[in-house]
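Chains as they are written, first to last, in the numbering used here: chain A, 1 to 1001; chain B, 1002 to 1092.
Please note that a few of the clues may not be correct.
With a straight-line cut-off of 25 Å between C-alpha atoms, the simulated DSS-like cross-links for lysine-lysine are [stated by the list, open to error]:
id, chain 1, residue 1, chain 2, residue 2
1, A, Lys895, B, Lys1030
2, A, Lys395, A, Lys407
3, A, Lys439, B, Lys1030
4, A, Lys380, A, Lys369
5, B, Lys1084, A, Lys742
6, A, Lys286, A, Lys241
7, B, Lys1084, A, Lys441
Worth flagging that the hints you see were computed from the coordinates, not collected in a lab.
Owing to the predicted nature of the structure, the values given are computational and were not obtained by experimental measurement.
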Amino acid sequence: MTKNLRVKTSKFIDETYKISFKFNGTTYYGYKGDTLASALLASGLHLVGRSFKYHRPRGIMTAGSEEPNAIVQLHKNTSRTEPNVRATEIEIYEGLEASSQNCWPSVNFDIGGINNFLSPILPAGFYYKTFMWPASFWEKYEYFIRKSAGLGKSPTEPDPDIYEHKYIHCDVLIIGAGISGIIAAKTAAKNGYKTLLVDEKPYLGGSTIYQNSDHFKINNQISSSWLEKEINEIKKIENLKIKTRTSVAAYHGYNFLLARENLTDHLPLGQRKDKTRQRLLKIRAKKVISATGSLERPLIFNNNDRPGILLSSAVEKYANFYGVACGEKNVLFTNNDSAYETAISLYQKGINIEAVIDNREEIDSKLIKEIEKNNIKVYKGYTVVDTSGYKRINKISIMQLSKDGQKVTGSKISINCDCLGISGGWTPAVHLFTQSGGKLKFRDEDQVFIPNIYPSDQISIGSCNGDFTLNEILSNVPKNLKEFLNIKKTDYENLEVNSSFNKSKRNIWLLPSDKIIGKTKPFVDYQNDATAKDIKLALREGFRSIEHVKRYTTTGMGTDQGKLGNMHALGIISETAGSKMGELGTTTFRPPYTPLTFGTIVGRNVGEYFDIFRKTPIHECHLKNKAEFENVGQWKRAWYYPQNGESMHDAVQRESKAARDSAGILDASTLGKIDIQGTDASEFLNRVYTNAWSKLAIGKCRYGLMLNEDGMVYDDGVTTRLGENHYIMTTTTGGAATVLGKLEDYLQTEWPELDVYLTSVTDHYATVSVCGPNSKKIVSQVIPDLDFSDENFPHMSFKNTKIGKIKCRVMRISFTGEHSYEINVQANYGKSLWEKCMEAGKQFNITPYGTETMHLLRAEKGFIIVGQDTDATMTPIDLQMDWIVSKKKYDFIGKRSLYRSDTIREDRKQLVGLLTENPDEVLEEGAQIVADMNKLPIEMLGHVTSSYYSPNLKKSIALGVVRGGKNMMGQKLIIPMEDKQINVTVADPVFLDKENKRLNA
Amino acid sequence: MFVINCPYCGEREQSEFKAGGEAHIVRPKQPTELSDDQWAEYLFMRKNIKGVQFERWVHTHGCRKWFNVVRDTSNDLIKAVYKMGEKPPTK
Ligand SMILES: [Zn+2]
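Looking at chain A on its own, in the form it has when it is part of the complex (with noise of 0.2 Å):
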């Protein structure tokens, strides 16, 4: 029984175009070019959603993206459904299905409509108050309040849809195409800079656009076709990009903003496949132009929050875009004249118009005297006490406002109406600019915050500037955009124009009633049901700062952030706490303008790309290996090689044996390679590692340690002496980018006269380790050339050769303790350096190992790992490492700090091995390390770094740090568990083969 409230066409509808859709199960039409506002209007329906507290019934208010309450939940579809969504802005589609979002478990049953009735009890800072003890039971409340809350649902299923990012720069930026802007932006590109404008509505001309009346004339035509002529001619322009459909979320420091740009939502579902649904764009602009316009104001007075209540301009707006009448029986009320522009807009699409209430008093301007004439019935210095109605309103009672405007005399008159119209003047959109940084000032004529400050290259123009009518607006906006351009002439100059608009306003920020302000529900923030009431009760408990009663009243705080009642907040505020409104400062809008959808945050960065990762150039043979990956840094590392359904601990086990039995093959292109060159590079070596390098060797390596200024260990790895002054550094994996960062930093900033040079060289090579007993056969089939003697080639040595033609670097070091090779080749012959190995190792049933088997093939050797032994509160005196740090040298990095008062402290956690009672027992690293259980509370000795189970060793080993661990060897320790204690021995952390024998096994 869908009533049709469509009124003469509209040029902006496709009435040839019909489209059905589903609202909360049931069918709708509407037409091509309707939001699912207008259309579900059109359909005499305005009930769309429920309150958030207390579940009253909520209609359209408005016609755009400030709306509170009608906002919906699209598609069922699990992967594609989507929350709060506005139905002001969302465009009809074939297929559209949409529900209510703040209803459970109907729109028209509402079991949290009891919390209406509570209402008493249910005031500001009643959630703080009441749900926060017993803390315990939250999680009962939270069950109630959440599900009757119903805050919208979260997609189940990973998006199927296609999103990105798009940077753009441009000289000028223009946000929103109404008049203003459409004014600037032919200004800004007719003179030659490179324009872009902007707009979140799916149409060019703001409100103009649709304003068909005589009152309104630029050069003696309609301002909408004035301005239609103007639309056509700037999308002719070449420099101009014209974006529709695009909304700014954000507006940084330095003209850098973020905007969504929607380019499929409103498509029928089947010709949206493979594109792009919505778009990111990064905007770095050289000048901004703010047109964002201005938003109506709501009144505050009794029940102001019944469906059929809507802003006054968006009865305009649905009459004149949409073509869709509110209600049959209209009623406008208003302090100031813009209702008069919806009443005469009704009146000519032949809408029965009840009454006009005003609060003014002593008014007259041509737009009322027009209403008046076509005896329509004005209540001059009237105001709204209550209205009734509860799915929609039904009447309301007027009654006369005192002089102050703070009391209602006389006798009280009844009017029946289905839609009621309200109109409190209008705020600009300066949301944008403060975001940026703007500072805004009070103009007190009026009671609006206005653009004071710009913190960058900025302007605000139009009504968001606070020109409100279209005199002000054709005078004033080509004034600023010359000075701000640069520029001596607009097209703008002497126009004609013709606005009956008068500008008196009588600001009464909480309208009075004839009932006490208790006994009201005078609505200020309609999304998280925020009343005047509750304002006013924070005043009372003592809040003072606007951001702290905003947290506790919860006003704007819904996804709207108060778009509509936030001045009303300040006003009452003001009033009751008797401070100017100027000087209370605004609460802080926050990104987004209006709320974002996480795909377009994330854009392509999904799935394999959400993070991405590096391969070396060997990753192909860990893959037909059937290698598991960690990842280490951005690098993915092949962990472990599980064989026939081995489980980690298995496959570890197996390789871990077989490089100390036989042969273990590695890569380990992943370690940061630095090359470093210069007639200063010794003294640089020598700076920067604890030990001393100027006496190394060309074709020797020698490990290094490295220091933070502040003595701790900070990277490690083998360095070697290519030439006189070419040295290769090898870093960490994860250190690799960091190292070559704070060594640059040095030579630059702190040490400019050393000749030295630092290339990265990671990514150039791919590098092989083969390591145990019969490492030294393989390498000699691998590269028949060289003579791997141990007296030609002994450990800790290089040599520069080839395989056949490709050179190569080989060096003999080793991290496993084992006689070992690493074989570095240009990176693209990784892959069959590798495979060449592979199959001269064959006969040595050469196993390939990971990350995982290296860290415990280390571990039994007492190796550390910097970032797992070590973190950032660890000396080299403190990991044992005392052999590594030269007394002779005067100074490295790092130096002066061992011996600070505190780094010599004998009870610093110190690197100590730790074996357990039962050999069995694998310890848990991380796990706490006591030596009383018995006195309380339990003092924490230290934390075990590095456990394994050792398949060489046969027993479990560990690496932990203790609170003066060097000093505990043999001494009885405990690791308490959550269902045991185990009991461990403090051990050398060298566990296998201390004297080094393997190395020229």
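Given the structure of chain A, go ahead and fit chain B with the ligand onto it with the hints provided.
Same frame as chain A, but now just chain B with the ligand:
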């Protein structure tokens, strides 16, 4: 996100750079001759001004050069950039 005028490359997005803390803190030439307190002064003590601050920045994803920036930390406005070793602007 601000724009930094690298003295070697020109204007680039902030995301190409990394901040390196307070500028004009010179590493002592003879650390071993300093008391713990004197060393700690160099090592740990940094200003954290609300207002105009002299800072080090490096063009990590560009020329990799370190340079100095004069920035107002209250609004991120950059007053000046100058190379390492150059004198800071006086006004
Ligand atoms: Zn640069």
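Each hint tested on the structure:
Proximity of A/Lys895 to B/Lys1030 is assessed by CA-CA distance (about 12 Å); at most 25 Å being required, the pair is judged to hold. Restraint check for A/Lys395 and A/Lys407: satisfied, since their Cα atoms lie roughly 21 Å apart, inside the 25 Å limit. Proposed proximity of A/Lys439 and B/Lys1030 is contradicted: the alpha carbons are some 47 Å apart, above 25 Å. With a C-alpha separation of about 13 Å, the suggested pairing of A/Lys380 with A/Lys369 holds against the 25 Å cut-off.
With a CA separation close to 18 Å, the supplied pair B/Lys1084 and A/Lys742 stays within the 25 Å bound. A threshold of 25 Å between alpha carbons decides the hint, and for A/Lys286 with A/Lys241 the separation of about 15 Å falls inside it, so the pair holds. A C-alpha spacing of about 40 Å is found between B/Lys1084 and A/Lys441, which places the hinted pair above 25 Å, so the restraint is violated.
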